[in-house]
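Chain by chain, the residues run as shown.
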Amino acid sequence: MALIKAHNRWVIPLTYIVALLLCVFPLVYEGRWLRPEFLALVVIFWVVRMPQQVSMTLILAMACLQDLLEGGHLGQHGLALVAVAYLALLLEARIKHYVMWQQALVVLFMVMAHQLVDNWVHSFQGGAAANLEFLMPAFTSAMIWPLVQMGMERLRLRLRVS
Amino acid sequence: MGLLSLALLLTHLFTDWLDPVVSKLQVLTTPFYKVVNTPGDLYRWGSDSMVSREELEQQNATMKAELAILKRKLQQMGALAAENVRLRQLLNSAKIISDRVLVAELISVSPDPLLHSVTLNKGIKDGVYVGQPLLDAHGLMGQVTEVGDHQSRALLITDATHALPVQVNRNGVRAVAEGVGDLYRLELRHLANTVDIRKGDLLVSSGLGQRFPVGYPVAEVMSVSRDPGQPFAKVDVRPKAQLNRSRHVLLVFSEEQALNNPGFLDKGAAGGSDQSP
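Those protein sequence lines, which keep their order, are chains A and B.
Counting in my numbering, the first sequence runs from 113 upward without gaps.
Counting in my numbering, the second sequence runs from 22 upward without gaps.
It is possible that part of the hints are untrue.
Here's a subset of chain A near chain B, in silico, CB distances under 10 angstroms, partners left out [claimed, not checked]: (1) 136; (2) 165; (3) 169; (4) 202; (5) 203; (6) 205; (7) 213; (8) 236; (9) 242.
Please keep in mind that the hints were generated in silico from the structure rather than gathered at the bench.
Glycine included, C-beta positions come from ideal geometry on N, C-alpha and C.
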């Protein structure tokens with residue numbers, strides 16, 4: 113395989129940081145389950161677009177930062193995000209050719225897996241969700257996926273990230 | 022990579038080896054909170070600096086009136102407190118010690134719906150310690166669980182992993198108020214069907230856990246349902262503290278803590294602390 117020359121790779125960590133900012137942006141209490149998992153969405157995008165170039169270590173570091181920001185246990189989001197990244201890596205060849213609604217469907221299931229792992233970790237400390245509402249972010253993430261995908265694709269082409 | 026994060030997770034869950042690391046790394050989070058709070062701060066600054074003169078005057082008048090009323094109450098309080106001390110001396114019981122407080126500001130609320138915790142802008146440098154009780158103007162809010170140099174994290178009383186000893190203000194019945202992960206509800210567990218508790222009762226902290234000071238309002242009883250088929254009464258209570266409104270909160274330094282760890286008093290005095298009556 114031909115070696116791809118790195119160009120404007122700094123955009124990737126930058127999008128992670130922006131996603132993290134969106135992750136901690138204050139929301140009203142009633143909307144607490146509606147927040148999409150922005151970091152997972154951004155990770156899915158980069159893994160699907162540039163499977164050979166994204167760094168798992170960076171993803172894990174960002175997930176640890178998210179744990180610090182949200183006050184969870186270190187590695188909690190790391191585990192969930194690495195699972196999502198692995199799923200995305202498995203499916204990237206297909207996802208690339210899917211139309212938007214099919215992609216959104218795949219994203220729905222991947223974020224669901226993310227939430228399942230997250231809730232499993234919460235259950236260690238006795239703080240697991242009482243019902244299935246913890247899957248809500250998966251639906252909002254799938255709904256916002258077309259927006260994220262198109263916006264980031266435009267950004268990637270404009271800056272010729274490779 | 023998955024194994025690495027699992028190992029990290031288990032280490033942090035079951036040992037306290039990573040706690041110092043986490044408290045150091047908290048510095049990294051500050052810029053995020055700063056950026057995220059900017060729109061809100063701008064809005065507040067705007068609404069603070071673009072108030073009309075009449076509005077300010079009106080606000081000033083109401084505040085003066087309120088101050089006068091509170092001062093009148095305080096006059097009585099002084100006499101009552103002195104009387105209370107004398108009576109307690111007669112009974113040979115321990116003095117009620119007045120607690121010192123430190124005013125802190127919330128800089129973030131955990132975005133994780135399953136975790137009720139807040140981040141405060143005061144840390145070790147201000148004398149904050151793990152386990153320190155957190156109050157707002159209306160009641161008990163929670164306790165500090167992690168301390169960094171300049172910020173700390175506190176667990177709210179409504180978190181599903183939190184419980185605190187309380188007593189009914191009316192008759193002194195003791196109970197344990199447990200969080201259920203709902204910001205507007207706590208539960209009293211293992212309270213017998215025959216216990217004298219009714220709707221509207223005020224619950225105050227009982228100080229039995231040696232962690233929270235005695236006598237701060239915690240919650241109000243909203244409903245009591247006694248089902249003869251069940252071993253315990255189901256009591257729902259609503260926290261007094263405005264857990265998702267309060268921006269300025271109080272960290273209490275109990276005197277016992279200060280005695281156990283000399284240095285807290287000097288350090289705490291450097292911050293914006295004051296004496297509560």
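Hints, verified against the model:
| no. | hint | verdict |
| --- | --- | --- |
| 1 | 136 | holds (5 angstroms) |
| 2 | 165 | violated (16 angstroms) |
| 3 | 169 | holds (7 angstroms) |
| 4 | 202 | violated (13 angstroms) |
| 5 | 203 | violated (17 angstroms) |
| 6 | 205 | violated (21 angstroms) |
| 7 | 213 | violated (27 angstroms) |
| 8 | 236 | holds (6 angstroms) |
| 9 | 242 | holds (7 angstroms) |
In this structure, the earlier hints numbered 2, 4, 5, 6 and 7 are contradicted, and the remaining ones agree with it.
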